[in-house]
Each structure stands twice: as structure tokens, then as C-alpha cells.
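Q: Listed below are the residues making up each chain.
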Amino acid sequence: MPFPYVDERVFMEECEKEGMLVTVKKEVDWNLEVGAIARRLAELGIGRAVREGGRPAVLFENIRGFPKGFRMAAQILGGIDRVAKVFGYKGEDLNKAKSDLQQVIRDGLNNPIKPIRVDRKDAPCKQNKMEGDDVNLYKFPAPMLHDGDGGRYMVTRAVVATRDPDSDWVNWGTYRAMLIDKKTLSGLIVPGQHIGKIYRKYEERNEPMPFAIAIGIDSISFLAGATGVPYGVSEADVVGGMRKKPLPVVKCETNDLEIPAYSEIVIEGIVPPGLRAWEGPYGEYTGYRASPRDRRPVYIVKAITYRNDPILTFVSTGVPVDETLGNAIINSAMAAEVLERAGIPARVWEQVDSGACMFVIAVKRPTPNIATMIKNTLTSQMGLITNYTFKFLIVNDDVDIYDSNKVLWAIGTRVHPRRGIIISDEVCGPLTPYASLDERLKMNAPHVTFDATWPLDWHPSIAVPPVASFKSIYPQEIQDKVLENWKEYGL
Amino acid sequence: MSREWETFEEIVLDRQAEIEANQVIETYVMDHETYERIYVKAIISKDPTKLPDGEKLWVRDFSGKLEPECWAIKIVEKQSPISAALLGEDF
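The listed protein sequences derive, respectively, from chains R and Z.
Here the first sequence is numbered in the numbering used here, starting from 1 and rising by one per residue.
Here the second sequence is numbered in the numbering used here, starting from 1 and rising by one per residue.
Heads up, a few of these hints could be off.
[Stated by the list, open to error] Short, incomplete list of chain Z residues facing chain R, as computed with Cβ under 8 angstroms:
#1 F8
#2 Q23
#3 H32
#4 Y35
#5 R37
#6 R60
#7 K65
#8 P68
#9 Q79
[As the list claims (entries may be wrong)] Footprint (simulated), chain Z over chain R, 3 or more residues, beta carbon under 8 angstroms:
#10 109–123
#11 149–157
#12 174–186
Keep in mind the hints are simulated off the structure, nothing from the lab.
Glycine included, C-beta positions come from ideal geometry on N, C-alpha and C.
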């Protein structure tokens with residue numbers, strides 16, 4: 001089945017045929033072993049395509065203590081080859097996909113397509129059901145991902161669906177959640193996140209918030225949930241826009257939320273008002289276990305539906321790059337869109353090597369105070385993302401923002417220590433590694449903007465130092481000659 | 001075979017005075033094998049020899065590392081976390 005994929009199983013099967021996924025038949029342990037394997041794959045692969053030295057996705061078929069058929073999968077979008085494939089990218093130069101796909105995503109954001117509802121009998125996620133007293137989250141191989149995590153994080157690669165009580169808006173977001181017991185999870189719900197804003201409305205009414213957690217969904221839905229789709233916009237519509245076809249969804253058993261029909265596991269229930277449980281710590285995508293244990297909202301499970309031979313997908317988050325690559329492409333596309341609407345044409349890359357903590361922005365036409373203008377535009381219009389992407393590097397358009405070496409070169413050589421570093425007090429997420437414990441709990445810490453653009457009053461041919469690179473400091477005829485004779489040099 | 005349990009240092013440090021006085025405290029612990037959380041009334045001792053009929057209690061420090069020596073716990077009463085929470089207990 002070509003793009004767009006509706007069923008993650010089909011996507012994984014195709015990946016396996018193309019050498020981008022390996023099935024592990026040896027018995028593995030849900031307790032740390034699968035997390036360690038996925039983590040090592042991420043650290044060896046660092047987001048590269050398999051053909052360029054990256055590492056494949058992995059499907060575990062034999063989990064200690066679980067019957068045959070209960071499976072787990074990780075690193076599904078851990079390489080640029082899989083990210084390109086999931087968006088149907090046809091280009092040969094996969095590094096170019098980082099920029100090319102941004103336009104695909106912007107088109108999707110600007111042309112949303114509503115999902116299509118299918119009957120329950122046609123939805124694979126309804127093949128099995130547990131309800132009421134039969135609910136048991138331990139039926140699934142929820143992984144203990146890192147030694148010292150607060151619990152087994154069953155929910156890391158999923159979307160959590162909730163409905164705004166004041167409108168028809170349904171939010172799909174990726175929020176971590178860990179098992180408390182058979183029928184209960186606790187998760188990180190940050191007040192500034194969409195789910196946090198929705199939950200607050202229910203709490204103010206002293207009403208429970210219905211939820212549905214869909215695990216093992218198609219990767220575009222996962223990416224949409226993990227990125228900063230604007231407040232009030234349903235991710236399901238954006239997913240339709242990005243896949244250029246409506247996404248099949250199905251209604252839940254115990255509430256009226258709709259989730260992807262091809263989900264592997266769907267957990268439904270309520271988040272009661274005022275109830276809290278200790279949650280965390282958890283090793284996060286920034287590469288640290290930075291968000292401290294805290295008392296956080298509780299998901300009480302009323303029903304679970306799941307496919308035959310379910311696949312529990314997970315991300316063993318940590319030192320970059322794991323599955324942040326796809327999110328980076330979407331966040332970069334959204335930031336470029338926001339800047340363009342503000343009259344600032346720019347290329348944007350959320351630097352995954354930085355733990356997805358830094359936006360690098362190349363401006364075509366710098367204007368006075370461009371760095372501050374960009375930072376203010378993004379923090380005001382993409383607050384959800386800039387709470388977590390808390391560093392900004394603004395460069396001239398000659399810097400290859402997708403090349404980490406060139407980005408470091410720009411920081412090292414173009415940021416003036418006095419006028420090029422701008423510090424501002426902002427809202428931050430609880431995952432912010434450099435913030436003090438108190439700052440993380442209060443979610444308030446400074447951000448920094450690095451202005452690496454050449455000053456506008458520097459004469460371009462006198463004050464701005466010429467770049468000494470092969471492509472810029474030699475006449476064209478010399479470059480051509482060298483390239484033509486390269487093999488004859490024996491090089 | 002007796003079960004083993006796990007908790008976090010900051011949870012038990014909050015109750016240090018009661019623990020040292022061998023008093024029954026209310027807290028939560030996790031099953032060391034499944035990590036399932038239960039809410040308990042229990043006596044806890046840092047020195048297992050002082051609680052010979054107790055079960056093993058492994059303690060993680062603030063960074064998440066298990067302390068090399070286990071403590072001991074004698075559980076007097078168990079409740080599910082959600083039942084405890086609905087009664088207003090901290091879980």
C-alpha cells in the first residue's frame with residue numbers, strides 16, 4: 001500500500017522489506033531490556049538513514065512473561081529514511097527531505113481534511129475488548145524504559161484524545177503516562193499544553209474529563225500529536241491535510257471521542273477533577289531525566305480495546321536523536337509559516353542534535369533587531385513549542401541550517417558576546433534541563449537568543465569577513481578544474 | 001516466597017521521625033517485580049535486622065538509582081491507590 005499509510009503495521013512491513021526494520025525473535029524483557037535496545041539503536045543511528053549508517057526500527061515478537069502475539073515496536077521513525085517514507089517523499093537526497101517535507105506539512109496545515117468515521121465492526125482496534133472489572137493494563141507489556149523511572153511508561157508513542165467542553169474541538173496530543181495499577185495511569189499534563197487548558201475547564205466545573213489514549217497509531221497521527229498544532233485546531237484534520245486523504249477514525253466505547261480506527265491499543269476512561277498521583281521521573285527526549293517527581297493528574301481506565309496480536313509502540317527517549325526528527329520537521333514548518341505570515345521569510349530548523357531545544361533560523365533579509373523580532377514572534381504565536389524549544393539562533397541565509405557543523409561554526413564565529421546574546425524571561429516546560437529544580441516546578445526560566453547575523457551597518461565588502469570555503473573563495477574556473485581532475489589527483 | 005517492594009528516598013525521608021520510632025506509617029510502595037503501586041499502612045526500618053518478619057524494601061535515591069542495601073517493610077494493611085486517593089490520601 002503506497003502513501004498515505006493508514007495502518008502502522010503495513011508501514012512497518014514495508015520498512016522491513018526495505019531493510020529499515022528488523023524483527024527480533026529472541027526473548028526480550030519489558031523490564032529495561034527493550035528500552036536499552038531501542039536507546040542503543042537511537043544513539044548509534046543518530047537519525048541517519050540505514051543506507052547512510054543509521055540503524056533500523058525494531059519489532060519485538062517474544063516478550064518475557066507475555067503470550068505469543070503480544071508485541072512491541074520502537075525507533076519506527078528513528079531515521080530520516082522512515083520519516084521520508086511515511087510522508088511519501090520521492091526524492092533521492094534524504095537530507096534534502098528535512099527542508100522539502102516542510103512544504104508538504106505547511107500545505108497540510110493550510111488545507112486540513114476532516115477524518116472519516118468508520119463502523120466499529122470495520123475498525124481493527126475493536127477486535128478485543130476489556131471493560132469494567134476486567135480492565136487490566138498489565139495484560140500488555142508496558143515497558144520500564146529507563147532504570148529509575150517512576151514506573152512503567154506504557155504511553156510514550158501515542159495520542160491522548162480529549163474534547164474541549166466549550167466547543168467541538170478535539171485535541172490529540174502526545175503526553176507521557178505511566179502505570180499506577182491495573183486500572184490507573186498518571187501522566188504529565190502541563191497547564192500550558194492544550195490538554196492542560198482543557199483539563200482545567202473540566203476541573204473548574206468539577207467534572208471528569210473523558211479521554212482516549214490510542215497506542216500504535218499511524219506515524220503521521222503520532223507526529224501531529226507531538227507537535228504544536230495551534231490551539232482550537234483538531235489534529236485529526238491536520239493529519240488528513242498532511243496525508244491528503246481523510247483519516248479513518250472510530251468512536252470510543254465509553255465516550256464520544258474518536259480515535260484512529262487502526263490503533264493497536266485504545267485505553268478509555270476519565271481524568272477526575274482534583275485527583276493527583278505521584279508521577280515521574282522519566283528520561284525525556286532532551287537527554288535528561290529532568291522533570292522532577294510531582295503529583296499529577298490520574299487517568300482512570302473504564303475500557304480497553306485492542307487488535308489481535310497487538311503491537312505496543314514506544315519511544316525510549318533520551319540523548320538525541322530518537323524519534324524527534326519528524327517532530328522537528330513539523331515544528332520547523334510551523335515556525336516558518338508563522339514567520340512568513342509576520343512578513344519574515346526564513347528557513348527554519350529545529351536542531352535535533354540539540355535535543356530539539358534550539359530553533360535555527362536563516363533570514364534572507366535581516367532588519368534592525370531581527371533576532372528579537374523573530375524570538376518574540378515565535379514565543380507569542382508558538383508558545384506551546386517555545387516552552388520546550390528555548391534557544392534561538394538567527395543566522396544569515398548563507399549558513400546551512402541542517403548541517404550541525406555549520407551551525408556550530410556560526411555560533412562560534414558570528415555571535416558577538418556583548419550584542420549577540422539576548423536573554424529573556426519566558427515560560428518553560430518542566431523538562432528544561434538547565435533550569436533549577438524550582439524553575440522547573442514553577443515552569444519559568446530564561447530563554448536565550450543568539451544573533452549571528454552580520455550587523456546591518458557593516459559594509460558587506462569591507463567589514464563582513466569573506467567566507468573561506470571551497471565554494472566561495474576560489475574562482476569558478478579553479479573549482480571546475482579541481483573537480484574535473486579530482487580522480488587524477490588520486491584523491 | 002515473600003514479596004519485595006520498592007520506593008523512593010524522598011517518600012520515606014518525609015516520614016523519617018516516624019520510621020525511626022517504629023510507628024505505622026501510611027505511604028505507597030511499588031511491587032519490585034511488576035512496579036504495581038499499592039497504598040499501605042506499614043512499619044519501615046532502614047535496618048532489616050530490626051524488622052525480622054519484614055519483607056525487602058528497595059529504595060531509590062533522588063536520581064533514580066537503587067541504594068545497594070535494602071530496607072525492610074512490614075505491611076499491616078493494603079489498599080489500592082485509587083481507593084486511598086478517593087479517601088484523600090497522598091498517592
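Q: Of the hints stated earlier, which fail here?
A: 2, 3, 8, 9 and 10
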